[in-house]
Amino acid sequence: ETGVTQSPTHLIKTRGQQVTLRCSSQSGHNTVSWYQQALGQGPQFIFQYYREEENGRGNFPPRFSGLQFPNYSSELNVNALELDDSALYLCASSHEGLAEETQYFGPGTRLLVL
Amino acid sequence: QKEVEQDPGPLSVPEGAIVSLNCTYSNSAFQYFMWYRQYSRKGPELLMYTYSSGNKEDGRFTAQVDKSSKYISLFIRDSQPSDSATYLCAARADTNAGKSTFGDGTTLTVKP
Chain L
1 ETGVTQSPTH
11 LIKTRGQQVT
21 LRCSSQSGHN
31 TVSWYQQALG
41 QGPQFIFQYY
51 REEENGRGNF
61 PPRFSGLQFP
71 NYSSELNVNA
81 LELDDSALYL
91 CASSHEGLAE
101 ETQYFGPGTR
111 LLVL
Chain U
1 QKEVEQDPGP
11 LSVPEGAIVS
21 LNCTYSNSAF
31 QYFMWYRQYS
41 RKGPELLMYT
51 YSSGNKEDGR
61 FTAQVDKSSK
71 YISLFIRDSQ
81 PSDSATYLCA
91 ARADTNAGKS
101 TFGDGTTLTV
111 KP
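From first to last, the protein sequence lines are chains L and U. Just so you know, we're using my numbering here: the first sequence kicks off at 1 and counts up by one. Just so you know, we're using my numbering here: the second sequence kicks off at 1 and counts up by one.
Because the hints were derived from the structure by calculation, they are not lab data. Using N, Cα and C, we set each Cβ at its ideal position, and we do this for glycine too. The reader is advised that the hints may include incorrect statements.
[Said to hold, decoys possible] Taking lysine-lysine pairs in the BS3-like style, the calculated list, with each CA pair at most 30 Å apart, reads: (1) K13/L / K42/U; (2) K111/U / K42/U; (3) K67/U / K56/U; (4) K42/U / K99/U; (5) K99/U / K70/U; (6) K13/L / K99/U.
[Claimed, not checked] These stretches of chain U come out as covered by chain L in the derived footprint (C-beta under 8 Å, 3 or more residues): (7) 41–55; (8) 96–110.
My request is simple: use the sequences and hints to build the entire structure.
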């Protein structure tokens, strides 16, 4: 186990709704990255938070937003859900600043938008 | 065109076979190369990590990077049924572990 947890494990929403996904990072890690993994594809980088500030963003619209809290937890919020948002959402924690650092993934939240 | 392209598979081999998994990339700035293993309904876990060109061995696993041809490979010797999973290659340009670009994965089945 990586020490990274995510909740909920599964979620069903309807188009137009809003959703909040949660992640608890490995203790001591100051960086959390969120990825979207559609079925049959690799994870795509959504954004990263470092010390509670956004530190880079992939090719995702502003309706994808996030927060990082001092207690190593973070949130991914998605507004105005679309059918194409159905995917596995992964968070990964790491400690930025360490040489050859790697990231540790949680088990993911599987979101289905109907 | 995706920055990291991976042989799509699926791949099915008998137990004990040598497995070769391959990726190509297009971004010359990539310097760090990773292989992740993802079991069904789990998050990816890091298998191998390589900086720049060269080989790296860890038990039955060998990772190769050829930056001149922008080619990444993972070899699995004496494959086991427990190796059955999806293998993802990934690359990034700097030490920021979180901003990685992934291939779409190759699903491997090792048959007893």
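Quick rundown of the hints versus the structure:
With a CA separation close to 21 Å, the supplied pair K13/L and K42/U stays within the 30 Å bound. With a C-alpha separation of about 21 Å, the suggested pair K111/U and K42/U falls inside the 30 Å cut-off, and the hint holds. Note on K67/U and K56/U: the hinted pairing holds, with a Cα-Cα distance of about 14 Å set against a maximum of 30 Å. Taken as a hint, the K42/U and K99/U pair is honoured in the structure, with Cα atoms around 20 Å apart against an allowance of 30 Å.
In summary, the hint linking K99/U to K70/U is supported, as the alpha carbons are separated by about 19 Å, within the 30 Å threshold. Under the criterion of a C-alpha separation no larger than 30 Å, the hint pairing K13/L with K99/U is consistent with the structure, at around 28 Å. Under a criterion of three residues with beta carbons nearer than 8 Å to beta carbons of chain L, the stated coverage of the region 41–55 of chain U is upheld, 8 such residues being counted. Residues of the region 96–110 of chain U with a Cβ under 8 Å from some Cβ of chain L number 10, which satisfies the need for three, so the listed coverage holds.
When held up to the earlier numbered hints, the structure conflicts with none and fits them all.
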